[in-house]
Structure formats: C-alpha cells, structure tokens
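Student: Numbering (UniProt numbering), first residue to last: 1 to 475.
These are computed hints drawn from the structure, not numbers from a lab. Ideal placement from N, C-alpha and C gives every residue a C-beta, glycine not left out. Treat the hints loosely; a few may be bogus.
Stated by the list, open to error - Cβ pair distances, simulated, as ranges: (1) LEU377 to ILE282: 21 to 31 Å; (2) PRO353 to ALA451: 18 to 28 Å; (3) SER457 to ILE282: 43 to 53 Å; (4) GLY298 to THR370: 33 to 43 Å; (5) HIS244 to LEU161: 50 to 60 Å; (6) TYR363 to THR219: 15 to 25 Å; (7) ARG73 to VAL448: 54 to 64 Å; (8) ASP474 to ARG225: 22 to 32 Å; (9) ASP297 to HIS244: 57 to 67 Å; (10) GLU153 to ASP367: 43 to 53 Å; (11) PRO155 to GLN463: 32 to 42 Å; (12) HIS393 to GLY82: 17 to 27 Å; (13) PRO155 to GLY17: 48 to 58 Å.
Said to hold, decoys possible - Derived EDC-like pairs: lysine to aspartate or glutamate, alpha-carbon spacing no greater than 20 Å straight-line: (14) LYS248 to GLU281; (15) LYS248 to GLU215; (16) LYS248 to GLU432; (17) LYS248 to ASP271.
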Amino acid sequence: MDGRALTCAEVALVADGQARVELDYEAVSRAEQSWQLAGDLATRRHVYGRTTGVGANRDEAVPAEAAGDYGLRLLRSHAGGGGSPLPAPHVRAMLLIRLNQLATGRSGAHPRLPTALAQALADGALPLVHRFGAIGTGDLTALAETGLALAGERPWAVGHLPAIPIDTGDALAFMSSNAATLAESALVCVGLDRLLRASHCVAALSYVALDGSPEAYATPVHEARPHPGQVECAAEIRRLLGMHGVTKPGSRLQDPYGLRAFPQVQGPALDTRRYLEQVLEIEINASAENPMVSVADGNVFHHAHFHTAYLALALDQVRSALHSVAELSAARLGDLVEPAFTGLSPFLAAGPPGSSGVMILEYVAHDMLTQLRQAALPVSLGTAVVSRGMEDHASFSTQAARQTAAAADAYQQVLACELVAAVRALRMRHAEMLDIPARTAFDQACAVLDADLSDRSLTADVQAAADLLPSLADL
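Hey, can you work out the whole structure from these sequences and the hints?
Tutor: Here's what the structure looks like:
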C-alpha cells in the first residue's frame, strides 16, 4: 500500500482473503513527516480536532491540562455505532482502504496507526465494528470503534493486536474518512461488474430459446448511435452467439423489448458502473482527512473532502440503471412462459393440461423488482442538519452503498429466475447449439439445474442459478 494505486478489484481480493498486504516503506516516512509537521503547526496555530473541539465545538480550544487524553476521549465519544456488526469482508476492505489513505501521508496521524492497520490485515485481526452511524460525511463511528480497538479499549471480533498509544492529534486524523462506506461501495462495484457480465450470458440463452432476431445487435445499428456501453453489450451478445458477417432476418419482424432493446438498456448500466469504479478509485487513493497536512507546503488546510457527493450520485445512477435492466430480465421471463414466443406449452409446463411449470418464477422476479424499485430511490434527495447547524448538508453515500448492495442481491435473483426458465425452454426444445460461448453457459447451467420438468418446488433451482451467475461472467 502506497496511497496511489489501489483498485476496487484489489479491495475485493483482500476482502475475500485472497491477497496479502504490505505497507510501502516510503509511506511510513511520509506519515512520519506529516505527523511531525502537524505537531509543530499545532504549537503555533489552532488546528481543528487537534487543538480544538469538533463539529460545532470547532471554536472551543482544548485546554492544555485536558490535552493529554483528548484523543482517546474523542474516540470514546464517537464510538457509538449501532445495529449488527459489519461482516468480516467489509471490515477487511475498510481497514485496507483506511490504510491506503493514510499511506498518502497527509493525515498528520502517527505512523504507528497505518503500521498497526497493516499488521491487523497481515494477522487477520478484525475489530468489532457496527453498521449504523454515518450519513456520508465521514464514517466516524466505525473508525472510532476501530481506533479504540487499536488502543486496547474495545474488543476485537477476530484475533487481536497489542494496544498502541493514541496521541491528542491521532483521533480525528484517523476517523476523518469514509473508509467503511467506500469499502461497501467497492465490493458491490466489483460484484456488479461480474453480475452484469453474466447477464449477457443469460440474455443470450433467452435469445436462443425465443428464436430472437439478430438485426437488433448488428454492428451497423450500433455504429449509428455509439454509446460505449450499448456498443459493448451488442458486441458481447454477438460474440456469445457466434454472430458473424451480415445478419439474417429473425423469425419475427421485431422482437419484444426484452430482446430488442437489451443493448440500449444494458449499456447505461455498464457505463454507470464503470463511472462508479472511476469515482471509487479516486476516493480510495485520496487524502480525505480534514484538516489535511501538506508537508510540501508546510501548512495545514481545513476543507470538505469528507463530503462524498460524487460517490452518492454515482451509486444513485447505478441503482437506477440496474432497475431498468432487471425490468428487461423480467420481461424476457414473461416472454419465455408465453407459447406465442416459444412454441412451447404455457409456463413451460411438462405435465398434464393445467400444470403450472415455472409460473411462480414471475412472482419471485416481480417481488425482487419491487425491492429494486424501492432501492433505486435516490438518496441524494435527502438532507440533514446536525451539530447545532454547523454541518448542514450530507451526501448519504453510506445509505446509497447499502441500497446498492441490496439492489445487486435482488437483481441476482431476477436473473436467476430468467436463467432457470431459459434453460428449461432450451431443454424442452432439445436445442442443439453450435460450439459457441452460449453453449458453454448452457452446459454449465444444465450441470447445476435439475432436469426434472414436472411441477415441483423451484427454490433450489433458483438458488443454484444465482450461485452460478458469477462464473458465467468469465465465459
């Protein structure tokens, strides 16, 4: 970790325990210089959170006789998180991001803090951190709980480290970050990348089952309106289906929107997810601490980098786009149970007349769509006035990250329902696909989905399909 080049993909690897973390030696040196400068400046001028209180107490000077334990008192007062503990991958990602931010050398925190975070990640030690307590202007409760664990005052959820001293200026310098929110956002961003790539495979299988028209994916069509995500989606469907050269007419003059408009709706989802990743990779390599200590300028700057409007708005966009592609998935599911589109029995039933087949999958999918619709409401429309009116705006990126994670889970279930129905339709048609990537997706799905077409519970099938989706992203 050097504070410069951490990626969302690397955050996910560390969160899953698949990568080892080392702190760059020069980062420790930068932290040392920043700490020394901050201490020197605090003897000559007021520095927020170091010689003064915080929030509306910004003008309250910390008296010399109370300065000795001010850092610990600040951590104790802010360690009021509520709700359930954060899961281990989320906590690991938070520790990693905070370590990387501290490695930029602008926080003014003692170098033993980033060193301790690196040691915690190396040893697998995780503090007990609670979910609630942030509104997108700093994950104060989560990081205060972490700081007190490092100081030996709060429990560790897994393992432990020897306690380290917390100086007067260390507390705010350590807490002044959105590392927990960024961690959840980075993990969901990586998960959505795989889910959206897998959705191309699911849509391609539905295309085959519905005997779709290739004209909607033709290269000339998308060269005429070349939005990057739209072009990417159409090219991916052509690759999965082995479409080459001049397209042939489909069985219908025009397909329903679930097939025909897939590139135009999937494209924004691909583009907004990519933009989210760009925002995150700026944030996780940024010096967000307020105040910021600049060794190069020999000065300290008070600012508002703690405000994460970029992140909140990017997450809002992603959820809105995700809801649209989920609607198309549910629409294709509706087409798959309609004999007019498949030539098969209603609801893909294989039993006597009146059998229900996969009828219930539409109910499951639309239940999830309702969850997606609720999650898609923009958090950036909210407002908050706290700390006696001093802090009169919030991004709510923390809530946006939670809602995006919930939306991704719901979308995965919608896609799983479509995949179960598409594979069933292809089995009923005894489809013989050529040696194309879509065939590999079909074979992998057949290996985990029950071939029994009689009326029965489909709960296990939907779960197996959901579990399979991430691996389809690599086809």
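Student: Run every hint past the structure and note whether it holds.
Tutor: Status of each hint after checking the structure:
1. LEU377 to ILE282: 21 to 31 Å: Since the Cβ atoms of LEU377 and ILE282 sit about 26 Å apart, the hinted range of 21 to 31 Å holds.
2. PRO353 to ALA451: 18 to 28 Å: holds (22 Å)
3. SER457 to ILE282: 43 to 53 Å: Holds - the Cβ-Cβ distance for SER457 and ILE282, about 47 Å, lies within 43 to 53 Å.
4. GLY298 to THR370: 33 to 43 Å: violated (56 Å)
5. HIS244 to LEU161: 50 to 60 Å: Cβ of HIS244 to Cβ of LEU161: about 58 Å, so the range 50 to 60 Å holds.
6. TYR363 to THR219: 15 to 25 Å: violated (38 Å)
7. ARG73 to VAL448: 54 to 64 Å: For ARG73 and VAL448 the Cβ distance comes to about 55 Å; the hint holds.
8. ASP474 to ARG225: 22 to 32 Å: Check passed, 29 Å falls within 22 to 32 Å.
9. ASP297 to HIS244: 57 to 67 Å: holds (59 Å)
10. GLU153 to ASP367: 43 to 53 Å: Given about 44 Å between the Cβ atoms, the range holds.
11. PRO155 to GLN463: 32 to 42 Å: 34 Å Cβ-Cβ, so the 32 to 42 Å window holds.
12. HIS393 to GLY82: 17 to 27 Å: Cβ of HIS393 to Cβ of GLY82: about 23 Å, so the range 17 to 27 Å holds.
13. PRO155 to GLY17: 48 to 58 Å: Taking Cβ atoms as reference, PRO155 and GLY17 lie about 21 Å apart, which means the hint is violated.
14. LYS248 to GLU281: violated (43 Å)
15. LYS248 to GLU215: holds (7 Å)
16. LYS248 to GLU432: Distance of about 19 Å is within 20 Å: holds.
17. LYS248 to ASP271: Roughly 29 Å between the alpha carbons, so the hint for LYS248 and ASP271 is violated.
Checked against the numbered hints given earlier, the structure breaks hints 4, 6, 13, 14 and 17 and satisfies all the rest.
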